[in-house]
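> If you read the protein sequences in the order shown, they are chains A and B.
Each residue of the first sequence is one higher than the one before, counting from 625 in our numbering.
Each residue of the second sequence is one higher than the one before, counting from 17 in our numbering.
It should be emphasised that the hints constitute simulated quantities derived from the structure, not laboratory data.
A few of these clues could be false.
[As the list claims (entries may be wrong)] Result set (PhoX-like, lysine-lysine): computed pairs, CA atoms no more than 25 Å apart in a straight line:
#	chain 1	residue 1	chain 2	residue 2
1	A	1085	B	503
2	B	232	A	1029
3	A	842	B	329
4	B	382	A	1125
5	A	687	B	232
6	B	235	A	722
7	A	1188	B	329
8	B	236	A	639
9	A	1184	B	549
10	A	842	B	103
11	A	842	B	503
12	A	722	B	232
13	B	549	A	1188
14	A	859	B	28
15	A	639	B	503
16	A	629	B	382
17	A	1188	B	503
Since the model is a prediction, treat every value here as computed from it, not as a measurement.
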Amino acid sequence: MSGLKQILFLTLHEKRDVALAVFFGFLAGVAGVALLASSGYLISRAALTSQMTILIVMGACLKLFGLASALSRYAERLFSHRATFTMLSNLRSSFFEKLSPLAPGIFSHYRSGDLLARIVGDVESLQNFLLRVLYPPIVLLLVFLSTIFFSAYFSMGIAAVIAIGAFLTVFAVPAVFAMRQRTIHNAARASRASLSTESAELLHGFRDLKINQRLEQKQQQLEDFSGDYGSQQRKEGLEENLSQSVNGLVALLASFFVLGLGAYFTAAGELDGLYLAMLVMISLGAFENVSPMAAFPAHFEENRKAASRLDEVAPAAPVLKGDGQPPQWPFDITLDNINFTYRGEERAALTDISLQIEPGTKTAIVGPSGSGKSTLLQLLLNILEPDEGTIRLGGRELAELDQEKVWESMNAVLQENHFFFGTIKSNLLIANESASDEQLEAALSQVQLAELALSMKVGEKGQNLSGGQKQRLAIARAIIRRKPLWILDEPVSSVDSITAKAIYSELFSSGKDESFIIVSHDLTALSQMDQIIVMDGGKIVESGTYDSLMQKKSYFYELKQIEKDVFA
Amino acid sequence: MELKQLAFEQRKWMVLLTAASLAKGAAMVGQALFFVLAVNGVFLEDAAFADITPYLYGLLGAILLRAFCGYAIGRAGVELSTEVKLKLRRQLISSFAADPLLASEHGQSGRKVSLLMDAVDEVDGYFSKYIPQMIQTYIIPIVLLAVIFYQHWITGLIILITAPFIPVFMALVGIRTKEKADEQMEKLGQFSGTFLDVLQGLTTLKLMGQADRQQKTIKKSSLDFRDSTMEVLKSAFLSSLMLEYISMLSMGIIALEIGLRLVVFDSLTFFTAFFVMILVPDFFNMLKDFGSAFHTGRSSAAAAGRLSEELTKKTEPVRFGNTELALQGPGLLELEELEFQYGGGFSLGPATLEIPPFSQVAFIGKSGSGKTTLLHAIAGLLPLTGGRLLVDGMDRQDISEQSWFSQMSYISQNPYLFAGSIKENIALGAGRKVADEEIMAAAKQAGIAEMVLSLKQGLDTPVGEAGRGLSGGEKQRIALARAFLKKPSLILFDEPTTGLDLKTERILQKSMAELGKGATVLTVAHRLHTIKKADMILVLDNGKLAGAGSHSELLSSEPLYREMIEAQFGGVLQ
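Input sequences plus hints: build the corresponding full structure.
Laid out in structure tokens, this is it:
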């Protein structure tokens, strides 16, 4: 529930717009009721007398209330939508504010890539919060209160009937359906997820399914899941329909009782018949407004879930990392008996890793995929924390240092580098806002990308760039940033070997006193490294210089032999 | 694909919708009638309460009928939508399953999943909301109008003259806003993209120390987005204001006319006046409801377009026959002018070649030269556009699908593992029930038994979707275990390039040799080792067979081969 409270707080932040929306909503509702009430009353009066004034008043009332209702409705919509969109923008930035300190660590906990898409979807769905959850009951309550006060002047009994009807349609019925909605919503979400997963399996595993003759079986399975999802959606739809019908019926029944009671009082002489039509029309008019409450349970449940999911992703108080000052460059890096296992996995990703990296040296970490190279880098970046063992920068424990200050001395290029929708220039400037065009162009030519214009458009996630171009742009960003400690994870795996060699020699010649830690499964260009660390199965199997490892004719030597044998 | 047509194909629900709408119209008339009768009774005719109780019963009946019909209409809409969606999904699934290009096509899966999930869900509104509302709007206002005409024809006439202004004005406003709205929809898509973009780039931003600045950007672009959205909404709200205003105007005229007769001319009874005054707002409310359902309907149309594009796409299936392969063990494969072409683009062949049983064949060529495509065409995963493949003299197209695939294994660079246990993933190869011992034996042959036994749950250890939790080498070995269980006579193998650990590398070499003993093996080769020991090497260049022969034959006779080998391995050859 704390999730929705948060949303409520953000919504009420837009005091003026929310208040105006409620005010105009109320005005529109009351004017609508007044319109019907006055027509009921005036028709009754007209039936008794033949005064022209009645006619004039009647015409004026209809115009006045009609116009007031229509205009207020317009204003209500305008303000409520404005408030909603402002709330969404507040929500987005406050959510970003909360998520930001948790990144990038949080992304390694959720390996699934759709986490972010889900977040965006959840935020979007909260646009219904004000429009369909928060304020229909408030406006209705106000409209009903004034209706009840007004009719109480004519008959307490009828006012009581309207009050009971209002209670049922605005609170009781939606509450009951909101309770029922919980289980339905969960089931629908779960069956949707399995259909989506199964269909991805059919598409990705098509060839293996076809050859192993399991395609038809999978297809059948997928149809079953589709049927299951369909029936869950059907249940949802029927529930909404039932909610709507029950609410509509209760509203009509309330008017029925208003008429019955009114007719009884009139016949008994306790109520002037002149007002009967008016009271009936008031009731019809007031209950006409309750239809949004039919959709309330579904929206409420959806919003509640969305808010609590968002709350789960970014808990209110971010996990506090250390706040110590990192040492001044140059410093050495030592790893002491590091062990690490990914959450929810049985096998350790790293076991007993100890190593030392002196300032101003070049270290390569090599090994087959899955051997733990990238995990080791993530630990060095303090994105992941070791289960056991310590990492020290210049003798200070990494875990106790301020994470962001540590990154300030680093040039990190990860395997996945994000490129934003924009231009080459805007993407490079992320590294250093004050860099001049000349600096940017120089960096581009250092990574052999001089042919790219700074003004070139970059699509979402850099989709119009090739894998090799993206890698080289990421290196260019690091060059522009120019920090003394380079941490590179497979930086040139999609770049041809000649270009890769050229980029490495550019980097090494311009950064003589800088440290390089490079993860690679590519074994070329390793002769310039001061230290090569060979990993397999989460362990360091050997380490040394290129020449010493080649002379040893052990693991590294054999990897090298295989590489020579590869015909790409 | 016309959505409307899809709806009318569901006759049962359409008939029900029509009947329920008629009944609802009648109930609305009845409700107004009994309301008015009861009020009229006690107000003007000084009737006792007992005298009007029949009216109250009538009213109760009408109200119950109206609620019931409303429920029935809503339910019919839901059922209609459920059936159509089920049908659409079934069609999509069969179209996916029947599309042979899926085997080779990558990067399209996301779009296809979104079609199956989102696009189908987006048409829901059309069937569950728009169609029921449309039918009600066709029927109920006419019922109401008929009653109004019957009661007081002048009111009917006024409605008849003023009501058409509503669609006319709506259309006018609609044309003006549509363009703007479409533009806005594009912006909306882009905007929700921006938020996602920044979230996805959070790691990069953090490492660059730029996260704080982005927060302001988010806020600003979000507010800009709000302002431009409000512009469009304003015109949309204006159109509903217009609708309300016209209906208000029309009701005003009617009230004036009724009032005149009631007060001045005394030519109308209270009963008629009150009755008409209840029915007229109902009439306009129906039109308003249709207006809002209309928007739902329109947004479904775009999704329908995407669906129909996929469903009408023509794909040539791979043809199979009914003959069972009688042979035990590998047969003679003959490629006769074999051709495959995809669209107007890449074309393969014509390739003519004889592959004797038990031979080890290596396919080599630059990337994009068609090695994998040729492998797929031989495997029967792609439809031939020309020529034939003969197996012991029998056309592959005459062989039954079941008997063809049960003779074959395909081990790709990145085999797909399904969510399930390791056991289930290995047993996939057998196509029959297999004992645990047999699976374990296959696992041993593939060199993965040791690793499986080290897991707490052993063979029952679950692997995630796409084999999450296993390394590339482990996935390869599970795929090998599948093949050991299947004992195929034809093996197609896409050799992994790099990134395997030494142990897996050795196991793969050994296991492949073992597996290849009883089969013909066609390998897309990346290892010089594999190429050298192959009985036959096929050199592919731009989809054409540029040479065939053993390593030494090709070295002496085929300059292209010589060139390729020298460029790659340089000194290694000597």
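> Determine for every hint whether it applies to the structure shown.
Cross-check of the supplied hints:
{"no.": "1", "hint": "1085/A - 503/B", "result": "44 Å, violated"}
{"no.": "2", "hint": "232/B - 1029/A", "result": "21 Å, holds"}
{"no.": "3", "hint": "842/A - 329/B", "result": "22 Å, holds"}
{"no.": "4", "hint": "382/B - 1125/A", "result": "22 Å, holds"}
{"no.": "5", "hint": "687/A - 232/B", "result": "48 Å, violated"}
{"no.": "6", "hint": "235/B - 722/A", "result": "14 Å, holds"}
{"no.": "7", "hint": "1188/A - 329/B", "result": "45 Å, violated"}
{"no.": "8", "hint": "236/B - 639/A", "result": "20 Å, holds"}
{"no.": "9", "hint": "1184/A - 549/B", "result": "21 Å, holds"}
{"no.": "10", "hint": "842/A - 103/B", "result": "17 Å, holds"}
{"no.": "11", "hint": "842/A - 503/B", "result": "23 Å, holds"}
{"no.": "12", "hint": "722/A - 232/B", "result": "14 Å, holds"}
{"no.": "13", "hint": "549/B - 1188/A", "result": "16 Å, holds"}
{"no.": "14", "hint": "859/A - 28/B", "result": "20 Å, holds"}
{"no.": "15", "hint": "639/A - 503/B", "result": "73 Å, violated"}
{"no.": "16", "hint": "629/A - 382/B", "result": "60 Å, violated"}
{"no.": "17", "hint": "1188/A - 503/B", "result": "32 Å, violated"}
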